Amino acid sequence: MTQPAGLLESMRLVVRRELTLAWRRWDEAAQPLLFYLVVTTLFPLATTPELATLRTVGGGVVWVAALLSSLLALESVFRSDVEDGTMEQWVLSGQPLAWLLLAKVVAHWLLTGLPLVLISPVVGAALGLPVGIWPTLVLSLALGTATLSVLGGIGAALTVGIRRGSVLLSLLVLPLAMPLLIFGARAVSLALGGESATGPLQLLAAIFCLAWSLGPLAMSAAMRVSTEG
Amino acid sequence: MWTWFHKLSSPPHAYRILGRLAPWFGWPALGLILLGVYWGLVKAPADYQQGEGFRILYVHAPAAWMSMFIYVVMAVAAAIGLIWRMKLAHAAAAACAPVGASFTFLALATGSIWGKPMWGTWWVWDARLTSELILLFLYLGYMALRSSFDDPRRADRASAVLAIVGVINVPIIHYSVEWWTTLHQPASVTRIAKPAIALPMLVPLFIMLAGYQLYFGWLLCRRLQGEILRRERNAGWLQEVA
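Quick mapping for you: the protein sequence lines, in order, are chains A and B. The numbering used here applies: residue 1 is where the first sequence begins, and numbers increase by one. The numbering used here applies: residue 1001 is where the second sequence begins, and numbers increase by one.
Warning: the hint list may mix true and false statements.
What the hints assert, rightly or not - Quick look at which bits of chain A chain B covers, simulated, 3 or more residues with Cβ under 8 Å:
#, segment
1, 146-160
2, 166-174
3, 218-227
These are calculated hints, taken from the structure and not from any lab test. Predicted model only: the values in this text are computed from it and were never measured. Where a beta carbon is used, it is the ideal one built from N, C-alpha and C, also for glycine.
Sequences are here, hints too, so could you generate the full structure?
Pasting the structure below:
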């Protein structure tokens, strides 16, 4: 390799590295998904087993559980790289740090967000949501978890050096994620009522575009603060 | 030409200037707030719909405006600190945060007290109340992030990034009553049209707002002096001053 890697090449390398590392510890990578299943199971146990009643809050429960599971996984997305010095090498590498961090977030979403999105119809059915709303549920969750990966990436980059920063990470990211939750749950409840959910879905898509375009810049600024000290 | 601005970034100079400025904010603030309270509670006419109960407006609305204003001030100070690496700008942002959080809490609490007799409920999850609550969480998260770093420089820069990322919430709060049908009434004053509120009621509102602004100015002077003292506690120039 005599030339520095171009943009696409560096993204491919980072994503492949992350996926390979996760595959070697696939049981760790599966933990957020298991947490998601366990949390969604808690709600029918705590409220009522009747599907007709669960249906009214089912969309919200699926969304809140997806938010919390994603946050759990986000806490450690940068930690091991910062601890062993890889992140410093990335900061000094001359590659755009925002792009490299975006690549990490892409890999992170593929490992945690995507499984949540794929299993959400099953979870939704368990909470009484009908088959007809699955497309809206899946699309809203896909946009929401992807946006949350970037927002959480900003929070993770800010808190990576703090001991026991996981609760602080949630405190910082959840207020920023509340609009996502509002629109996502609204999309599902509109679809449940048989109406068109394009309004909230378009707003979710807009927030997604905003997060993925400007978010990596904030992540790279935060990461420089955390690594340069 | 910009010497006066550059000199402001020197802590001893800034400390002296802030000490001289503070009374010019403080006493007018006290006077205006007292005048606004008297005018709003006693002199202004009663509302035809809400009766005397609307008078809590004179505490609630300026507090809500200040909560958004202070967040923007904090974000701008944080941005100045990040871009031009001015320690004092970071200190100003740190000084603003608890004041802004207090105004946000005051707005939420007085709004809740007003809502119970007028709407019949202490709270409702409509767009404006929810986004104001999110603003409170953003302030508290900023203060929590700041306090979790041992190194003051890292604390400054990390919380600056957070403040700038969170500023998107402020326009959402302001426009929330236009974009969504909410229980909270739409904007009567801060809009590009004639105010929808009668002049005898509007005047004490602006007096209270001016009083709150000057109060914030006074608080910021004093708190910034405190921040300077804390950050420069090992410096030589402190011996002569404090």
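Problem - Cβ contact check, 8 Å cutoff: the segment 218-227 of chain A against chain B, three residues minimum - result: Three-residue rule met by the segment 218-227 of chain A, so holds; n is 5.
Problem - Coverage criterion applied to the segment 166-174 of chain A (partner chain B; beta-carbon cut 8 Å; 3 residues) - result: holds (count 4)
Exercise for the section: Quick one: see if chain B covers the segment 146-160 of chain A, three-plus residues with Cβ-Cβ under 8 Å. Expected result: holds (count 3)
The structure shown violates none of the earlier numbered hints.
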